[in-house]
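S.K.: As a plain string of letters, each chain reads:
There are 2 protein chains.
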Amino acid sequence: MNSTADLPEWSAQGPVVELSEETCWSLIAGAGIGRLGVVIGEQPEIFPVNYFADGETVVFRSAEGTKLRGIVADRLVVFEVDSVGEFHNWSVSVKGAAEVMGPAYANRAAEDALPPWHPVTEYNFVEIRPSSITGRQFEHHLNAVRRSDDGTLSPEL
Amino acid sequence: MNSTADLPEWSAQGPVVELSEETCWSLIAGAGIGRLGVVIGEQPEIFPVNYFADGETVVFRSAEGTKLRGIVADRLVVFEVDSVGEFHNWSVSVKGAAEVMGPAYANRAAEDALPPWHPVTEYNFVEIRPSSITGRQFEHHLNAVRRSDDGTLSPEL
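As given, the protein sequences belong to chains A and B, one line each in that order.
Heads up: the first sequence begins at 207 in my numbering, then just goes up one per residue.
Heads up: the second sequence begins at 207 in my numbering, then just goes up one per residue.
Please keep in mind that the hints were generated in silico from the structure rather than gathered at the bench.
Here a beta-carbon is modelled for each residue, glycine too, at the ideal position from N, C-alpha and C.
One or more of the hints may lead you astray.
Label-pair distances were calculated between CB atoms; the ranges are [claimed, not checked]:
hint, chain 1, residue 1, chain 2, residue 2, range
1, A, 303, B, 289, 23 to 33 Å
2, A, 247, B, 221, 36 to 46 Å
3, A, 248, B, 306, 14 to 24 Å
4, B, 260, A, 307, 39 to 49 Å
5, A, 289, B, 292, 37 to 47 Å
6, A, 335, B, 276, 21 to 31 Å
7, B, 235, A, 289, 34 to 44 Å
8, A, 261, B, 306, 18 to 28 Å
9, A, 337, B, 210, 24 to 34 Å
10, A, 238, B, 237, 29 to 39 Å
11, A, 280, B, 213, 17 to 27 Å
12, B, 248, A, 307, 36 to 46 Å
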């Protein structure tokens, strides 16, 4: 985790920017919806979750009684947030171990005015301790080609 | 893969509807952006990809020269599409084995007018042979609670 600057590159799909850690945290800052990737047996699974990111960790909540708590506890997970924009798309991935936090954490989170989804008794909080955060920004031009009715290929805007 | 009707239920997070396979395919029909979940070693990874879904399979493209082709070939993958709406959110997951298709497939896809991202030479196509497709719709009301300035809790709309 030592990248400090956005790095323009050229991928097989077109112009792409490898984003710095600072930019990655900035893009996913605050609360929103992201996707949690876990492995169950040999099967990867993806769950959309509400999350909060503060520049050091990612926290998401898991309702008491759902499977998610048991699935993620102390496991390697990936947490991904992406966005489709007018000029480019971006995707940020946080990888690390997931830790289920106890009631004291929920209380502290409430005191610190964590997210809009303030803790209620039926929620568990799960924190990802990041081992890496990486992101890429994909420029729209040359990202794809479109075939016109006459068969010609042109960049998809 | 035999569900035939949407099934209203009640989760710990609020009202939720277990979607039928027909509804799931309908929601992800056509082309768009989804997220591919794979396992590399013990680490789950998530990649946003362009895709096309026709009610039987999900096809996504992988640019020649990227890692994705080698990563997904003959592996168990999950492909997830979700949407945040005014009244509810939904999420659909397709699980199955990924198969890298040869040039003949790209040609056939072109003839069948597959997606807007018609094949060009630098793309590989990867098909997911679904072993399951499942989806859930989360109603917004009671999905979360918001704490007002005076400390009272109310449903987040």
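S.K.: Could you run down the list of hints and mark each one as holding or not?
M.R.: Hint by hint, here is what the structure shows:
Distance hint check for residue 303 of chain A and residue 289 of chain B: the Cβ-Cβ separation is about 30 Å, which falls inside the suggested range of 23 to 33 Å. Taken as a hint, the range 36 to 46 Å is violated for the pair residue 247 of chain A and residue 221 of chain B, whose Cβ atoms sit roughly 30 Å apart. Here the CB-CB span from residue 248 of chain A to residue 306 of chain B is close to 19 Å, well matched to the stated 14 to 24 Å. At about 43 Å, the CB distance of residue 260 of chain B to residue 307 of chain A agrees with the hint of 39 to 49 Å.
The beta-carbon spacing between residue 289 of chain A and residue 292 of chain B, approximately 19 Å, falls outside the hinted interval of 37 to 47 Å. Take residue 335 of chain A and residue 276 of chain B: their Cβ atoms lie about 29 Å apart, and the range 21 to 31 Å holds. Remark: the range hint 34 to 44 Å for residue 235 of chain B to residue 289 of chain A is contradicted by a beta-carbon distance near 23 Å. Between residue 261 of chain A and residue 306 of chain B the C-beta distance comes to about 39 Å, which lies outside the given range of 18 to 28 Å.
The hint said 24 to 34 Å for the Cβ distance between residue 337 of chain A and residue 210 of chain B, and at roughly 43 Å that hint is violated. For residue 238 of chain A and residue 237 of chain B, the hinted distance range of 29 to 39 Å is not satisfied, since their beta carbons lie about 24 Å from each other. Between residue 280 of chain A and residue 213 of chain B the beta carbon distance is about 33 Å. The supplied range of 17 to 27 Å is therefore violated. In this structure the supplied range 36 to 46 Å is violated for residue 248 of chain B paired with residue 307 of chain A, their Cβ-Cβ distance being about 23 Å.
The structure fails hints 2, 5, 7, 8, 9, 10, 11, 12 (numbered hints given earlier, in ascending order).
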